[in-house]
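> Residues per chain are reported as follows:
There are 2 protein chains.
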Amino acid sequence: MTKIENDRYLRALLRQPVDRTPVWLMRQAGRYLPEYRALRAEAGDFMTLCQNPELACEVTLQPLRRFELDAAILFSDILTIPDAMGLGLSFGAGEGPKFARTIQYQRDVDTLPVPDPEIELRYVMDAVRAIKRALVQRIPLIGFSGSPWTLATYMVEGGSSKQFSRIKQMMYREPQLLHGLLQKLADSVTLYLNAQIAAGADAVMIFDTWGGVLSHQDYQTFSLQYMTQIVQGISRQHEGRTIPVTLFTKGGGQWLELIAASGCDAIGLDWTTDIASARQRIGDKVALQGNMDPAVLHGDDAVVISHVQQILQQYGSGSGHVFNLGHGITPDIAPERVKTFVDAVHHFSEAYHQS
Amino acid sequence: MTKIENDRYLRALLRQPVDRTPVWLMRQAGRYLPEYRALRAEAGDFMTLCQNPELACEVTLQPLRRFELDAAILFSDILTIPDAMGLGLSFGAGEGPKFARTIQYQRDVDTLPVPDPEIELRYVMDAVRAIKRALVQRIPLIGFSGSPWTLATYMVEGGSSKQFSRIKQMMYREPQLLHGLLQKLADSVTLYLNAQIAAGADAVMIFDTWGGVLSHQDYQTFSLQYMTQIVQGISRQHEGRTIPVTLFTKGGGQWLELIAASGCDAIGLDWTTDIASARQRIGDKVALQGNMDPAVLHGDDAVVISHVQQILQQYGSGSGHVFNLGHGITPDIAPERVKTFVDAVHHFSEAYHQS
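Going line by line, the protein sequences match chains A and B. Under the working numbering, the first residue of the first sequence carries the number 3, and numbering increases by one thereafter. Under the working numbering, the first residue of the second sequence carries the number 3, and numbering increases by one thereafter.
Simulated from the structure, these hints should not be mistaken for laboratory data. In this text, a Cβ means the ideal position worked out from N, Cα and C, and glycines have one as well. Any given hint could be a false lead.
In silico SDA-like cross-links for lysine to any residue, where the CA-CA straight-line distance does not exceed 20 Å [claimed, not checked]:
| id | chain 1 | residue 1 | chain 2 | residue 2 |
| --- | --- | --- | --- | --- |
| 1 | A | Lys164 | B | Phe166 |
| 2 | B | Lys287 | A | Pro177 |
| 3 | B | Lys164 | A | Gln165 |
| 4 | B | Lys164 | A | Ser167 |
| 5 | A | Lys164 | B | Glu159 |
| 6 | B | Lys164 | A | Arg175 |
| 7 | A | Lys164 | B | Gly32 |
| 8 | A | Lys164 | B | Ser162 |
| 9 | B | Lys164 | A | Asp272 |
| 10 | B | Lys164 | A | Gly94 |
| 11 | B | Lys341 | A | Arg33 |
| 12 | A | Lys341 | B | Gln171 |
| 13 | B | Lys341 | A | Arg175 |
| 14 | B | Lys5 | B | Gln18 |
| 15 | B | Lys164 | A | Asp334 |
| 16 | B | Lys164 | A | Arg33 |
| 17 | B | Lys164 | A | Glu159 |
| 18 | B | Lys164 | A | Gly214 |
| 19 | A | Lys100 | A | Ser162 |
| 20 | B | Lys5 | B | Gln239 |
| 21 | A | Lys164 | B | Ser167 |
Covered stretches of chain B (chain A as the covering partner; in silico rule of three or more C-beta atoms under 8 Å from a C-beta of chain A) [to be verified]:
| id | stretch |
| --- | --- |
| 22 | 167–173 |
| 23 | 217–223 |
| 24 | 251–261 |
| 25 | 266–277 |
| 26 | 294–306 |
Okay, chain A solo, but in the shape it has when bound (with noise of 0.2 Å):
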C-alpha cells in the first residue's frame, strides 16, 4: 500500500517530528453538522446509520469536507461489543443508549459470548475497510473500542448511570463477578481492535469514559489492569506500518504515569488537566492528545484562537501532541467555530516545529 499522504497525526503519537500540530475533534462525525442530522433523519435511528457500512463511511467523510482534519475516525458507537455479545442495544429519542438485558449473575457472565468480529461485528469491518477505500490515502483513519470498564458500567447498569451504584455494588461484593466480565470484554476488544487493524484502522484508540468514577486503586485493579492487557495483545506492527494505541480516561488527570506504563503510546487528557504539567510528568515516554474545553468553541473567534494558542505554548516546542478537545465537540456548535479552531491549530503550530 502507498504511504499515506498527510501522516502527522501518526507521526506525531510516535513522536516523530511534525511541520504542524495535527488536529482531530472527538465526535467530529456528529449532530453539530447539518449534513449529519440530514442523513440521520432519513436513516431513522442512530444504530441503522452505525450498521450500514455505506452510511457509515458517508458520515465519517462529512467533517473531512468541510475542516482540514488531521485524521478521520470511524463512525461507530463504543456499545458494538455488548450489543453482538447479546444485550440488544437501543436508543430512545433524546435518551442515551439501553440494554434490553444487563448482567447480573454469574451465569450471565459465563453464557456471553467472544464477538467473533468478522462475523458478529462484520458490519464495523466493512465500515473500516469502505472508509479506507475512500480516504485514498490521504490522511490516517482511527479505530477505536470503549474500554472493559466503560463497557461493563452499561453492562451491568442497563444504561448511562449517574452513581453507577449497580457496578459498584458488584465491585466491592462481588469482584470475581465482575473481573470475570472485565476478561471477557477485554479479549472481545483486543480481537475487535485487531480486526480493526487489519481492515485498515491506521491507529486505534481506547475510550475509558467512566474509569474517572473509580478510586485511584480501583482504577488500576478493575480499568486500567484491562486497558494494559488489550495494548499488550494488539498488533503494533501490521504488513509494515506501526500502529499506534492512545487511552484516554476522561477524568483520569491524576493517574498519568500509571496509564504512560500500559505502554501505550499516547494519553488523551480531558480538559481539566494543564497540559504542561502532564508533558513535563510523562511527556518524555509517551505522546498527548488534548484538551481544550469542548466549550471554549462557543466563544467567538477570537476567544478559541487565545485558548489555542495558549494550549500550544503550555505544551511547548517538538512533536508529541495531537491537538484535541478534551471531550467530544457538543451538538450546539456552530461548524465556522471548528473551521476556526482546525485552522488556528495549523498555523499557530507551524512556529513550534521548527528545527
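Fit chain B to the known structure of chain A by using the hints.
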C-alpha cells in the same frame, strides 16, 4: 462558653495531636436513615425540613444517636443563598433542585440582592442556634455553604446540569457578567458563613461540587479565586475560638497545591485521589479530609473495615486527617454499615496516634 468535650475534629483540622482520627460523613443526616425518612414524610418536603429550625435540629441530631460521630453538620441545603436572593427554589419529587428564575443578563445580576443572613436566612441561623444548644458542647458543629461557582451553575442553568452549557457559554462569551455574579455570591457567602459562626458554628466548610468541570485555568479564575476571597473574609478568630475552614472541590485532585494556597485549614478529597500522595504533596500545609468511596458501604463489614484500614495506613501517623467519605452517603446504604465504618475508624486509628 465551656470547652467542647470531644474536640478531635477541630484539633485534627488544626493539625494538633489527637487520640484517634475523627470521623463524620457528608450527608450523615439523610435518606439512608429510616427516622429521617419518617420525619420528612411528615414534613411534606425537603425545604420545609430546612426552613423549620426545630425540625432541622432534630434531623441534625438523628445520626448522632446512632453513631459515635465526632462532628455534627447543620442540616440545610447549599442553595439557600440563591433562594434568599429571590430565585424561587423548589424540589420536584425524585428530581433535583429547580429555580423559577435564572440569571441570564446583566440586569439579572445588577438587581440581585446580597441577603442579610439574620433577616432573609434567619431560619438557618435559628437552626444553628437550636442545634448548638442541643449539642451542649459535646461535639463541634459544622456550618457550610456552596461555593460561588457551584451556586452560579444552578442559578444560570436553572437546576442540575450535565454539560453546564449555559454557564460555560456565559464564561466564554461574557466573562465579566459571570464575574459580577460570582462577586455578589462571594460577598453573600462570606456574610452567611460569618453569621453561622456568630450563631455558634465551630468550623465551616465550602462545598465546590462543580469546580471539577472546569479547566485547570478556569478553575482558578472562576472558582478558586472567589473561595480564596471568602477564606480571607471569614472570622477565623471568634470569641476566643479558632474556626477552621475546609474547602472541598469534587474532582479537584489535580489542584491541591493551588487550593492549599488559598489559606484554608483543610482540603476535602474525593475518592479518586490517593490520600498518601495528597499528604506528600500538601500535608505539611493543611489538613486532609476524606476519602473513602461512598460505594464501599455497599460491601459487607469486612470490606468496609479493610478499606478503612487501607486509608488510615495511606495517610499514616500523626494528626491532620479527618476521616470521611469522598462524597455524600447515598440513600441505599444500610445504617449498620455506617456503624461499622465509624467504629472501625476509631478502633484502627489509635495506633497511628501514639507519640
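> Going through the earlier hints one by one, which of them does the structure break, listed in rising order?
Checked against the structure, the hints that fail are numbers 2, 6 and 11, while the rest are satisfied.
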